[in-house]
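Colleague: Take a look at the letters that make up each chain.
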Amino acid sequence: MHTPGSSVSGYTLLLVVQVVFIIVFGFCTDYAKELLPVKNETAKTTAAEPEASNLRKYPHFQDIHVMIFAGFAFLMTFLKRYGFSASGLNLLVASLVIQWAIIMRGCYEMEDGIIPISLQNLIGADIAAAAVLISMGALLGRTTPIQLLIMGIIEIAIFAGNEYLQLELVRAADVGGSITVHAFGAYFGLAVSFMLRPKKEQARAGPLEGSSYGSDISAMIGTIFLWIFWPSFNSALVDGADQERAIINTYLSLAGATVATFALSALVSHEHKLDMVHVQNSTLAGGVAVGSICNLLIHPFGALIVGVIAGVISVLGYRFLTPAILSKLRIADTCGVHNLHGMPAVLSAIFSSIYASFASHETYGTSLATIFPAMQQPTNGTEPGEPLEYVIGGYGRTGAKQGAFQLMAIGLTMAIAIVGGLLTGLILKSPSVRQLEEHELHKDDAFWETPSEESTTTTSTTSNTTQEASHQ
Amino acid sequence: MHTPGSSVSGYTLLLVVQVVFIIVFGFCTDYAKELLPVKNETAKTTAAEPEASNLRKYPHFQDIHVMIFAGFAFLMTFLKRYGFSASGLNLLVASLVIQWAIIMRGCYEMEDGIIPISLQNLIGADIAAAAVLISMGALLGRTTPIQLLIMGIIEIAIFAGNEYLQLELVRAADVGGSITVHAFGAYFGLAVSFMLRPKKEQARAGPLEGSSYGSDISAMIGTIFLWIFWPSFNSALVDGADQERAIINTYLSLAGATVATFALSALVSHEHKLDMVHVQNSTLAGGVAVGSICNLLIHPFGALIVGVIAGVISVLGYRFLTPAILSKLRIADTCGVHNLHGMPAVLSAIFSSIYASFASHETYGTSLATIFPAMQQPTNGTEPGEPLEYVIGGYGRTGAKQGAFQLMAIGLTMAIAIVGGLLTGLILKSPSVRQLEEHELHKDDAFWETPSEESTTTTSTTSNTTQEASHQ
Amino acid sequence: MHTPGSSVSGYTLLLVVQVVFIIVFGFCTDYAKELLPVKNETAKTTAAEPEASNLRKYPHFQDIHVMIFAGFAFLMTFLKRYGFSASGLNLLVASLVIQWAIIMRGCYEMEDGIIPISLQNLIGADIAAAAVLISMGALLGRTTPIQLLIMGIIEIAIFAGNEYLQLELVRAADVGGSITVHAFGAYFGLAVSFMLRPKKEQARAGPLEGSSYGSDISAMIGTIFLWIFWPSFNSALVDGADQERAIINTYLSLAGATVATFALSALVSHEHKLDMVHVQNSTLAGGVAVGSICNLLIHPFGALIVGVIAGVISVLGYRFLTPAILSKLRIADTCGVHNLHGMPAVLSAIFSSIYASFASHETYGTSLATIFPAMQQPTNGTEPGEPLEYVIGGYGRTGAKQGAFQLMAIGLTMAIAIVGGLLTGLILKSPSVRQLEEHELHKDDAFWETPSEESTTTTSTTSNTTQEASHQ
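Chain order of the listed sequences is E, R and S. FYI, in the numbering used here the residues of the first sequence are 9 to 480. FYI, in the numbering used here the residues of the second sequence are 9 to 480. FYI, in the numbering used here the residues of the third sequence are 9 to 480.
Accuracy of the hints is not assured; some may be wrong.
As the list claims (entries may be wrong) - Cross-link-like lysine to any residue pairs, in silico, SDA-like; alpha carbons within 25 Å at most:
| hint | chain 1 | residue 1 | chain 2 | residue 2 |
| --- | --- | --- | --- | --- |
| 1 | E | 65 | S | 248 |
| 2 | R | 65 | S | 64 |
| 3 | E | 41 | S | 247 |
Said to hold, decoys possible - Here are the in silico distance ranges between beta carbons for each label pair:
| hint | chain 1 | residue 1 | chain 2 | residue 2 | range |
| --- | --- | --- | --- | --- | --- |
| 4 | E | 401 | R | 120 | 32 to 42 Å |
| 5 | R | 332 | S | 437 | 40 to 50 Å |
| 6 | E | 27 | S | 215 | 39 to 49 Å |
| 7 | E | 35 | S | 437 | 53 to 63 Å |
| 8 | S | 177 | R | 401 | 41 to 51 Å |
To be verified - Far from chain R by the CB rule (all over 10 Å, computed), these chain S residues:
| hint | residue |
| --- | --- |
| 9 | 23 |
| 10 | 38 |
| 11 | 43 |
| 12 | 78 |
| 13 | 91 |
| 14 | 119 |
| 15 | 121 |
| 16 | 176 |
| 17 | 206 |
| 18 | 365 |
| 19 | 401 |
| 20 | 404 |
| 21 | 431 |
Source of the hints: derived by calculation from the structure; they are not laboratory data. All of these numbers come straight from a predicted model, not from anything done at the bench. Even for Gly, the Cβ is constructed at its ideal location relative to N, Cα and C.
With the sequences and hints as input, model every part of the structure.
Modeller: Okay, structure coming up:
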């Protein structure tokens with residue numbers, strides 16, 4: 009009944025990868041200049057400013073840190089017998105890919121061959137990890153730990169390239185990462201899931217692919233902390249009034265999505281009862297759907313509308329689309345990331361395109377250059393010191409053109425994610441990589457030492473079921 | 009055995025209410041001025057100051073956000089079979105009433121018919137939601153979800169009016185909201201509970217009105233996060249030295265209440281064992297009892313004394329008063345909000361009256377005007393730009409007069425809460441609103457799809473109780 | 009089968025201690041000067057600066073607060089039948105000792121016989137509480153609540169003296185508290201455990217000294233929140249670039265330790281399966297091991313190396329050392345604090361000695377005086393207003409000399425902790441203090457009213473085990 013946790017070679021390889029990362033860090037990274045000691049005493053005062061601006065982001069960073077390491081972890085504990093893996097592997101995968109994300113994302117901001125490391129890189133790494141954890145959600149319970157790690161390594165490399173492409177070259181507006189993080193992570197994971205799809209006769213929910221009363225409560229820990237800190241996720245990369253608008257819009261969108269989720273869940277469910285799957289996931293769709301537009305002038309009522317639509321779409325997705333995808337395409341999506349991250353992210357991109365089309369200097373004033381950098385005029389002499397870099401399609405875009413580029417960003421992202429995911433899935437399926445047996449699906453026991461429940465019952469003096477039975 | 013979750017009409021109505029909220033937001037709200045783009049470039053520098061001051065409150069806001077959405081949610085999961093409702097309905101009710109609170113509270117601060125929305129409104133909305141969640145605690149397990157939502161809508165409207173009355177017209181000092189939030193929420197909920205009281209023969213604890221080992225642990229998640237972030241709740245609305253004093257006093261009061269709670273719990277309980285109900289709730293009474301006075305010069309020892317008294321009163325309330333109220337008045341109070349919020353809040357108001365009586369310009373210096381605004385002289389020419397508004401009883405109050413107004417604030421608040429709660433209970437009891445059947449009390453299964461425990465046992469290879477029984 | 013929770017006298021004594029604390033607070037403490045009202049209006053502006061600098065630390069404080077009250081609490085809930093004690097007694101012990109720590113630590117910073125209280129004291133008190141909670145981890149399930157409280161009182165007094173000795177007199181660099189908190193708490197607790205060691209024939213793991221599936225998940229709440237906020241713990245007492253380096257280094261060290269922990273856990277465990285004990289604890293060893301050096305120029309790769317080594321040592325400790333210590337020395341270490349806190353802290357001290365040896369004004373520039381204060385020249389006229397205080401061995405240390413003092417700090421700390429722990433254990437063993445019976449080990453039921461599981465099973469309509477059995 010017991011199978012070996014994994015080939016020893018897998019975990020040995022993990023150690024080797026960690027050592028390689030250390031070597032890369034040794035040769036290619038150092039603290040950012042403002043974090044190195046000041047040799048010249050007079051230079052001290054001028055250096056104080058930039059470092060302070062990083063530390064000002066620290067509370068935002070910690071909120072995101074809670075989302076990545078506690079929110080995602082506990083949300084995934086909903087399966088009745090996969091809680092060790094959900095909370096443990098979330099920690100392992102994230103710990104590995106944040107290191108790798110610092111390197112991969114750093115490639116695009118090297119100075120003299122060295123990646124300058126500050127709190128900014130940590131925030132970026134945590135956000136990148138979210139993409140991998142979203143993909144993990146699609147595959148939850150269907151891979152070995154080593155497969156997840158391999159996927160994470162490949163995904164981060166592609167993620168970093170795509171992020172650079174969309175934000176720096178296409179210059180899409182996406183402060184909350186709906187395009188670069190949520191859409192990317194969801195469709196990447198679904199593509200991997202497609203490659204790992206079971207044989208025809210096995211394409212059904214397994215016996216352990218459900219929750220228990222207790223695991224549903226622990227999943228709510230994840231949901232609620234994600235819900236609480238989502239405004240920090242969406243607003244971390246902007247400042248001032250933009251940041252405060254991002255907070256307000258995300259807060260309202262989440263509230264709207266939550267109300268819509270409960271109402272729809274009862275209306276479409278069996279006997280009009282509420283479904284925990286919807287409550288745990290669709291309530292968060294409002295945070296995703298407002299991601300690309302949360303710093304725009306969508307106004308409070310706009311934020312609520314976006315949230316309500318996201319909640320409705322997400323519940324309908326769980327109720328009707330996920331079962332259809334499983335039975336028709338045999339794509340399993342354990343956590344339903346298509347409904348929580350995929351569709352709401354596409355919605356966000358579409359909204360961002362619409363709002364961008366109507367954006368102009370009249371409505372956005374001086375903040376237009378911050379929100380839609382490519383809409384600035386190419387020879388902008390009023391902001392000295394910040395040279396305009398190369399962007400696809402050039403500067404001086406009209407609103408409509410920016411709107412088109414928003415759609416290009418989501419289209420390119422989905423294409424890259426799907427192709428990347430398919431290739432990654434091919435690698436994970438290769439004979440040299442250990443696959444899960446069917447009886448190991450959604451079960452900790454294959455990879456974890458798990459406490460024997462029997463002995464608990466016997467030794468505990470207050471749990472009487474066994475005794476009662478044996479008294480008969 | 010299964011009854012329909014709720015009439016479809018209830019959840020349809022919820023969607024309608026959400027749409028109405030969106031329309032109201034569309035016509036009556038917009039971002040506060042400092043969050044709208046700057047058209048005039050020269051105006052940018054001057055606008056930077058106020059927005060920064062809002063964002064400075066963001067970490068405080070997030071702490072309160074954790075209390076409302078994680079703290080209250082998990083604290084209420086203590087019932088053995090009501091965890092889905094506790095964590096889920098907390099999220100639903102709060103998501104609905106924060107929207108409504110922004111509107112209702114905004115009525116008193118409209119500018120040109122528009123409610124200006126900033127981070128301040130979000131903080132205020134979260135605090136208002138606390139009042140509703142406290143009332144929900146009194147009723148936990150005794151209402152349908154729709155009844156809770158109806159109650160929340162009515163309660164917020166009354167809450168906003170009472171808050172304006174006490175803080176702007178009576179000008180009571182209440183930075184931690186003990187009067188306007190805790191006393192209001194507790195007595196409102198108890199009044200509703202009185203209206204929904206069971207028939208005489210049913211006034212006893214139901215079979216599911218208790219905890220399980222696991223649910224007591226998950227309730228501790230709520231307790232501990234509420235405990236941790238209470239200093240943020242009490243200090244969010246003040247600044248500088250006032251804020252730091254509020255933090256220190258709340259911290260010490262909670263510590264004192266916790267020690268007193270454990271000692272009393274053991275001393276008054278059966279076999280001198282500790283009672284989880286006390287630990288989960290009375291430890292927090294110190295945060296409530298110091299609420300109205302936490303920014304005053306109560307000094308560290310004063311904060312400890314207040315906390316100890318609150319812990320003692322709260323434990324005694326759970327041990328002796330709650331059972332008496334249930335048997336004599338048939339007022340059920342599932343979470344014991346009278347002991348955690350009600351009595352400690354009254355205590356806080358009494359203390360605030362005493363401390364106010366001794367307050368003077370000699371002791372408080374220049375901060376007197378901030379702490380007790382109505383004690384300023386009416387023609388205060390030293391603070392230009394801030395016109396003194398209308399207050400009941402006028403400015404230039406003596407300490408003793410301010411003390412009397414503190415008592416007036418708690419008296420008025422309790423009267424308004426009780427009358428409001430009774431009327432609300434009358435509405436909730438009306439034949440057009442679905443009531444709980446007796447067998448549905450304190451049970452998720454009536455409104456939630458719950459996992460079948462039987463199938464868990466059968467499929468899990470490590471849980472042997474069923475098998476053992478059937479082997480005989 | 010039921011034994012009284014504790015002698016009434018124990019809890020009465022607790023109340024007396026609380027009253028004594030209030031009296032001491034009344035006579036010996038007050039708010040720090042900048043928190044007292046400004047009498048002179050012109051003085052207001054100058055006073056604004058220092059208070060702001062305290063409040064700037066508030067988010068860091070709250071992160072640490074989460075670690076102490078939620079992190080430690082839930083980490084210790086891993087035992088299958090000790091969750092009430094773990095989460096409850098953590099709250100009680102911490103609430104008592106933070107008060108006492110404010111007094112004891114305040115003895116060394118009195119002004120005119122009064123301890124000035126600000127947010128700084130609260131941060132210091134929380135950090136001191138960590139030492140006691142670490143010791144509690146070593147003893148978990150083997151003491152009565154009253155024994156824990158007695159230990160906490162004694163330990164804080166010794167802790168405060170040792171902290172002053174190492175930081176102010178020896179002038180060791182230890183911003184993350186690895187020496188003064190982690191090593192001290194671990195070895196103190198182990199020394200107490202040695203004194204309370206069982207008779208020879210009982211030196212084995214008891215029947216309840218293990219986890220259940222659910223308790224392992226709730227322990228992960230603790231692990232994950234500790235993991236998330238460890239960078240705040242290590243960086244709370246420094247500022248600017250030092251703080252940002254401390255954050256980055258701790259973040260990376262934790263990531264490295266986590267990867268190493270998982271790999272090693274699988275490699276050394278039975279059937280190469282992952283062990284939850286390692287995941288819950290050794291992942292955090294990276295935070296301890298980087299504690300004393302996190303603000304130094306260890307560079308990102310150095311932080312990763314430290315973390316990896318800590319993870320490896322910690323897992324090996326759990327796997328091989330803890331069982332050996334138990335069987336050879338009969339020192340029980342329920343949570344394995346020697347592997348999570350003890351050895352990684354010694355490692356940190358050794359690293360700090362090495363790094364200090366190479367420190368110089370050339371590498372550290374102007375920040376040398378902040379990081380290694382005793383390496384400043386004794387007549388430092390460039391920083392007026394800060395008189396140099398007495399330090400052992402005098403100012404103007406070379407790097408090598410500072411390195412030697414780092415080793416002296418860890419050596420002295422371990423000696424003081426062990427002697428203090430042995431004496432404390434002697435007191436706890438005295439006949440006047442109630443001891444645990446063997447059948448009370450690792451069990452809540454002796455001191456807590458626990459819900460009867462039987463009634464749960466009977467009344468719940470969805471739990472069918474009992475019914476099934478009785479149908480036969």
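Colleague: If a hint holds in the structure, say so; if it does not, say that too.
Modeller: Verification of the hints:
1. E/65 with S/248: 13 Å, holds
2. R/65 with S/64: 11 Å, holds
3. E/41 with S/247: 16 Å, holds
4. E/401 with R/120: 32 to 42 Å: Given a distance of about 41 Å, which is inside 32 to 42 Å, the answer is holds.
5. R/332 with S/437: 40 to 50 Å: 44 Å, holds
6. E/27 with S/215: 39 to 49 Å: Holds: the Cβ-Cβ distance is about 42 Å, inside 39 to 49 Å.
7. E/35 with S/437: 53 to 63 Å: At 56 Å between Cβs, range holds.
8. S/177 with R/401: 41 to 51 Å: 58 Å, violated
9. 23: Answer for residue 23 of chain S: violated, closest chain R Cβ roughly 5 Å.
10. 38: Not fine: 6 Å to the nearest Cβ puts residue 38 of chain S too close to chain R.
11. 43: Its Cβ does come within 10 Å of chain R, the nearest being 5 Å, so this is violated.
12. 78: For residue 78 of chain S, whose nearest Cβ neighbour in chain R is about 5 Å away, the distance does not exceed 10 Å, so it is violated.
13. 91: Per Cβ check, residue 91 of chain S is inside 10 Å of chain R; nearest 5 Å; violated.
14. 119: The assertion about residue 119 of chain S holds, with a minimum of 15 Å to chain R.
15. 121: Given that every Cβ of chain R is farther than 10 Å from that of residue 121 of chain S, nearest at about 15 Å, it holds.
16. 176: Residue 176 of chain S clear of chain R: closest Cβ-Cβ about 24 Å, beyond 10 Å.
17. 206: The claim holds: residue 206 of chain S sits with its nearest Cβ about 25 Å from chain R, beyond 10 Å.
18. 365: Since the minimum Cβ distance to chain R is about 39 Å, residue 365 of chain S lies beyond 10 Å and the statement holds.
19. 401: 36 Å, holds
20. 404: 37 Å, holds
21. 431: 25 Å, holds
The structure fails to meet hints 8, 9, 10, 11, 12, 13 from the earlier list, while all remaining hints are met.
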